[in-house]
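J.: Got chain F sorted already, so can you dock chain U onto it with the hints?
Number of protein chains: 2
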Amino acid sequence: MAHDIKLVTETELRRVVPLDLEAIDCIETAFAKLATGKVVMPPVMSMALPDINAEVDVKTAFVPGLDGFALKVSPGFFNNPSLGLPSLNGLMVLLSARTGLVDAVFLDNGYLTDVRTAAAGAVAARHLAPATVSTIGVLGTGVQAKLQLIATAKVRPARNALIWGRDAGKAEQLADEMTALLGIEVKACADRADLVAQSQVVITTTPSKEPILDADWLHEGLHITAMGSDQEDKNELHPSILARADVLVCDRISQCELLGELRSALETGALEDKNRAAELGNVIAGTGNGRQSEDDITVCDLTGTGVQDTAIATLALGKVRRTNAGTTVTA
Amino acid sequence: MAHDIKLVTETELRRVVPLDLEAIDCIETAFAKLATGKVVMPPVMSMALPDINAEVDVKTAFVPGLDGFALKVSPGFFNNPSLGLPSLNGLMVLLSARTGLVDAVFLDNGYLTDVRTAAAGAVAARHLAPATVSTIGVLGTGVQAKLQLIATAKVRPARNALIWGRDAGKAEQLADEMTALLGIEVKACADRADLVAQSQVVITTTPSKEPILDADWLHEGLHITAMGSDQEDKNELHPSILARADVLVCDRISQCELLGELRSALETGALEDKNRAAELGNVIAGTGNGRQSEDDITVCDLTGTGVQDTAIATLALGKVRRTNAGTTVTA
Chain F
1 MAHDIKLVTE TELRRVVPLD LEAIDCIETA FAKLATGKVV MPPVMSMALP
51 DINAEVDVKT AFVPGLDGFA LKVSPGFFNN PSLGLPSLNG LMVLLSARTG
101 LVDAVFLDNG YLTDVRTAAA GAVAARHLAP ATVSTIGVLG TGVQAKLQLI
151 ATAKVRPARN ALIWGRDAGK AEQLADEMTA LLGIEVKACA DRADLVAQSQ
201 VVITTTPSKE PILDADWLHE GLHITAMGSD QEDKNELHPS ILARADVLVC
251 DRISQCELLG ELRSALETGA LEDKNRAAEL GNVIAGTGNG RQSEDDITVC
301 DLTGTGVQDT AIATLALGKV RRTNAGTTVT A
Chain U
1 MAHDIKLVTE TELRRVVPLD LEAIDCIETA FAKLATGKVV MPPVMSMALP
51 DINAEVDVKT AFVPGLDGFA LKVSPGFFNN PSLGLPSLNG LMVLLSARTG
101 LVDAVFLDNG YLTDVRTAAA GAVAARHLAP ATVSTIGVLG TGVQAKLQLI
151 ATAKVRPARN ALIWGRDAGK AEQLADEMTA LLGIEVKACA DRADLVAQSQ
201 VVITTTPSKE PILDADWLHE GLHITAMGSD QEDKNELHPS ILARADVLVC
251 DRISQCELLG ELRSALETGA LEDKNRAAEL GNVIAGTGNG RQSEDDITVC
301 DLTGTGVQDT AIATLALGKV RRTNAGTTVT A
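Top line first, the protein sequences correspond to chains F and U.
Letter 231 of the first sequence, counting from 1, is numbered 231 in the working numbering, and no numbers are missing.
Letter 40 of the second sequence, counting from 1, is numbered 40 in the working numbering, and no numbers are missing.
Isolated chain F (complex conformation) (with noise of 0.2 Å):
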C-alpha cells in the first residue's frame, strides 16, 4: 500500500538540524527515557571488513512514546581518504513507531550522527562537569573534537579552551576556526599533560588505539568524557582512570563493557566491578549517581547508542515537516 515518505538531504538536515540546545535537550531526555527500562535498544549489529579496511555499523532502539523509531547504518570506509572521500558516511530511516512503515529517509551521510554524538558529550558535562568551567580541553582534531567543544560550550561556557592534536598543525586550524567561532581564546596545546591540568573539562575524540590520557595527570573537580572508543581495540584512557574516579558513567554498561573504555578498564583488571558505573540516563533521571562534590573527579564513557539516533530522527522529522524541507516521496 503506497504511502507518503519524506526524503531529505545531507545539506537540508545541515540546515533544519543544527547543534543547538534544542538538540541537545532531545539527547538528554532519550537518555533518560533509556533509564525507565522500558526503551528496546538491541545490541549493535557490526560487520567488520578487514581486508577492505571498513566496518559496518547498524544501531537502532525502540522508545516508547516516541512517533517513530529510527534505524541508522554507518559505514566507516578507512581507506575513503585516498579517493577524497570522508572515512564516514551513512543514513537514518524512520520507520512508524504504529505500522513500521517508513515515514523518513535522511540521506545525511552521518550529519545526524555527528550532531547527536556531539550533544551527548555535552549532556554529560551538564550532569557530571562542575559548576564552573574556565577551560575546557579537547583532544583530537576532527569532526567531533569541534562539535563537542561547541556543544559542551553551550552547557559549561568556558573563557577559553585548548586543542591537543597528533598534528601540531591541525590542532593550530583547529584553534584558529574555534576561536572564530565560538569567540573564546582557543589555543593548541602541545603538552597532552598541561591541557589536563589546566582544564576543568576534558573530551577525547580520537580513535586511538592506546591511552593518551595518563591517570597520574587527574585532578580534583575534573572531569573527562572519552567519545572515541566505539569499537573493541579502542582505548583513549588509561584503565586506572576509569578505576580512580570518584563518578564513573556509561551511556550503555552493556555497551561500554564491548566497545567502550569500560572494556580496557575491565580486560587489565584496573577495575574489577562494572556496577561501578552508573548509565547517563539514570544519573540524568537521579536513580543513579552524577557528581557529588565539585571536587570529584567525573568520567563519562560514550560508545553512541541507538536511542541517540532514534531521537534526533525523529526530532529532525519534526522540524522538517514544519519547515517543509525536504521532498515527499509515495512509495
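No copy labels: a pair is met if it fits in one copy or bridges any two.
Below 20 Å or equal to it, Euclidean Cα-Cα: the simulated SDA-like pairs (lysine to any residue) are:
#1 Lys187 - Pro157
#2 Lys6 - Thr328
#3 Lys38 - Glu55
#4 Lys6 - Thr330
#5 Lys234 - Pro50
#6 Lys154 - Glu177
#7 Lys6 - Thr327
#8 Lys38 - Leu49
#9 Lys38 - Asn53
#10 Lys38 - Ile52
#11 Lys38 - Pro50
#12 Lys234 - Asp57
#13 Lys234 - Gly269
#14 Lys38 - Asp51
#15 Lys6 - Val329
No wet-lab data here; the hints were simulated from the structure.
For clarity, every value in this text was computed on a predicted model and none was experimentally measured.
T.: Only chain U this time, still in chain F's reference frame:
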C-alpha cells in the same frame, strides 16, 4: 561530499525486477558464494516489540566481487491488518562495496524480499527435488504460498499443484488464481496428509508455531522446503522429519539452529547433530551432498539470509540503471 543516489519505489521495482529465472539464478549464485567462506554475514539483528505485537529484523551481507552490499530493514507489525495495512514492510539500502556510500534506496515495502525468498525456494527445488515433479504441494495461502509455487514451477514444471490453508476459502481462491496464472491445474486440498501423498515437492509457507507436517507422511522421492520459520518460536515440520530425511539442507546452519526448523529438531532431541545438515551453498557448489537418488527424502530449511538481499539489490540496481527507472537524488 554530495553523490548520486538512486531512489526506487515498489511500483517501479515490481515492473523492473520480476520473479523470473534471472532472479532465481542470481540467488543461486549468491548461495554458491556463501559456500566459498569469503562472504561476511553477521547474525540477524532482531528487535522484538511484544508490547505492540511487532518485530523488526535487519539483515546484511558483504559479498566480495559484487559492486554493493545491501542492508535490509524488515518490520513486521502484526496489528497492521486491523488498520488495513500489510503486516510486513520495509526497505533495502544498497551501499557501495568500494566506498560505503549509499548507491540506492529501494522503497520496496518488502517486495524484493518476497522475490529473493521465493527464488531461494526455487534454488532449493532445483538442487534437491527429484528430476521429475508432477505435483507441487503448498501449505499456506499468503504471498509466499503464491510466489513459491510460481518460482518452483519455473524449475520443476509440474502438471498440477495442491494448496492447503487453514482457511479453506482462501485456499480455493488462491488455487483458482494460480490455475489462471500458471496454466496448470491447481486445486485446494483440505487434507494435509493427502496433499503430501500426492506431491513430489511440498513447500510450507506458514507462520505456524506447531508442526503442520507429520513424519508419518514422508514417502520416497519427496522433497520438502520449509520456509515459514524465521523466528525462534516458529515450527512447521515435526522434528522427526529432519531426523528421517536422507538429505538435510539449511540456507545457513548457524541461523537455522536459532530460527529455523533445525532449532526444533535439535531442541527436542529428534536430531542430535546439526552437522548432519549441509548448507544450500555447498550443495550448489558441489562441496555438500544433495539428493543422491530419486528415492531420497530431502528437506531444506530456509530462514532467509542477508546474502540473498545483497544479491537481489545488486540485480535490481543493474536493472534500474539499464531501464532508466527510479529517481536520482544528489545527497
